[in-house]
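Chains as they are written, first to last, in the working numbering: chain R, 6 to 207; chain G, 364 to 570.
FYI, nobody ran anything at the bench for these hints, they're computed from the structure.
All the given hints hold, so there is nothing to weed out.
Derived pair list, reagent style DSSO-like, types lysine-lysine, alpha-carbon separation capped at 27 Å:
hint: 1; chain 1: G; residue 1: K370; chain 2: R; residue 2: K35
hint: 2; chain 1: R; residue 1: K170; chain 2: G; residue 2: K416
hint: 3; chain 1: R; residue 1: K170; chain 2: G; residue 2: K439
hint: 4; chain 1: G; residue 1: K450; chain 2: G; residue 2: K525
hint: 5; chain 1: R; residue 1: K198; chain 2: G; residue 2: K370
These stretches of chain G come out as covered by chain R in the derived footprint (C-beta under 8 Å, 3 or more residues):
hint: 6; segment: 462-470
hint: 7; segment: 546-559
One side of the interface only, derived from the structure: several residues of chain R facing chain G at Cβ under 8 Å:
hint: 8; residue: V88
hint: 9; residue: H99
hint: 10; residue: L158
We put the beta carbon where it would ideally sit given N, CA and C, even for glycine.
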Amino acid sequence: MHIADGVLSAPVWIGGYVVTVGIAAICTKKMRAEDMPKMAVMTSAFFVASLIHIPLGPTSVHLILNGLVGIILGPLSFISILVGLTLQAFLFQHGGITTIGANSIMMGVPALLSYRIFSLHKRFRFRLSETIFGAVAGASGVFLGTLILTVLLVTTGSEFIGVAKYAALAHLPIMIIEAIITGFVVSFLMKVKPEVLEGEAR
Amino acid sequence: MKKKFLKFSIYFILLCLFVIMTGSNIFAHKVIIFAYLGGDTVYTESYFSDGKKVKDGEIIVYDSQGNKLLEGKTDKDGLFNFKLPKKDDLKIILNATMGHKNSYILSASEIPDIPEKSSYIPTYLPPSRGRIEEGGKALGKEVAEVNLDQIKSIIENSLDEKLKPMMRQLKKAEQKKLSFTEVIGGIGYIFGIMGIIMYFLSRKKEG
Numbered sequence: 006m007h008i009a010d011g012v013l014s015a016p017v018w019i020g021g022y023v024v025t026v027g028i029a030a031i032c033t034k035k036m037r038a039e040d041m042p043k044m045a046v047m048t049s050a051f052f053v054a055s056l057i058h059i060p061l062g063p064t065s066v067h068l069i070l071n072g073l074v075g076i077i078l079g080p081l082s083f084i085s086i087l088v089g090l091t092l093q094a095f096l097f098q099h100g101g102i103t104t105i106g107a108n109s110i111m112m113g114v115p116a117l118l119s120y121r122i123f124s125l126h127k128r129f130r131f132r133l134s135e136t137i138f139g140a141v142a143g144a145s146g147v148f149l150g151t152l153i154l155t156v157l158l159v160t161t162g163s164e165f166i167g168v169a170k171y172a173a174l175a176h177l178p179i180m181i182i183e184a185i186i187t188g189f190v191v192s193f194l195m196k197v198k199p200e201v202l203e204g205e206a207r
Numbered sequence: 364m365k366k367k368f369l370k371f372s373i374y375f376i377l378l379c380l381f382v383i384m385t386g387s388n389i390f391a392h393k394v395i396i397f398a399y400l401g402g403d404t405v406y407t408e409s410y411f412s413d414g415k416k417v418k419d420g421e422i423i424v425y426d427s428q429g430n431k432l433l434e435g436k437t438d439k440d441g442l443f444n445f446k447l448p449k450k451d452d453l454k455i456i457l458n459a460t461m462g463h464k465n466s467y468i469l470s471a472s473e474i475p476d477i478p479e480k481s482s483y484i485p486t487y488l489p490p491s492r493g494r495i496e497e498g499g500k501a502l503g504k505e506v507a508e509v510n511l512d513q514i515k516s517i518i519e520n521s522l523d524e525k526l527k528p529m530m531r532q533l534k535k536a537e538q539k540k541l542s543f544t545e546v547i548g549g550i551g552y553i554f555g556i557m558g559i560i561m562y563f564l565s566r567k568k569e570g
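Chain R with its partners taken away, still in its complex shape (with noise of 0.2 Å):
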């Protein structure tokens, strides 16, 4: 789900630069020196899951836990991903350098979105709300992620629907994936250490 350097033209890539900032300034103004632990950790499984590859579907896919990192983190995710892939772009070339803003939006704003959808689980109490909201924000993440991949696809010329029809077969299996991790991580964590989800009883 990385755009690599080169496949992006320059008013696209620059202009996600500039929504990329705007977003992280917004996000900053939320951080609490409290909730930094919390962050580095979330960040690291971020950078390191792009490196666990599943073998199915057209191309090879690796997770991304955007969902995840959203629903833990919160507004926060957005700089947490950020950080994650800076870091990925330089150490593995994993995505362009001039794409990094571009591949930020991509994970960042359906990260901040899936923290907005599980928080949806308070007004809907009932069994297991938490795991569904939770797989459902997972599964999300990488969804709305695809959505922004393809529209950023298509400012290159590709046309849509061909676009999107293989990034949506091509994440398929990464989104079942992520909505079944998300859901029982969310649902450990909410029995085991519910302070630890953004939002939720301190």
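Following the hints, complete the assembly by docking chain G onto the known chain R.
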């Protein structure tokens, strides 16, 4: 509270390390292309960093001035061959789907001078008259020349054929692989950055 987080962090990192160490694939996900020369043909090979071949990847070749020379598509094994268009730095761009892109530069220094057939000067001494006479009446100078030419091209062809797998291995080994150190280094960076931010945030609070 902080102690609990620390414990949680340590467990998480141990889990991450376990996953990395047990997983056979710790290559970042990107596309890799490399090219090598065999005779007058350029062989390219494209694959995803986890070893999966790039099928139907678009390949475009540019010269050093940025002129497009040719284009093509990789087959199901990620291979694409083309005749060497000219002696120049060739920039071979691979465009796989979904925003995956990479390039490989086959530099002119790697391309040997290809002797043109017409201006080819044989580098052997013409056989002495005496030997020809000894050998028999039919053996003329032309026969010997043709034979040496043929021998040379046969040797070149078989050498190319023999060296091809070696060239391939060499080029493949040249590709940067992700090391364990980099993964750990990255995690270190993250904790360092977060630590610095935490330091400043907590100072602000006190001040």
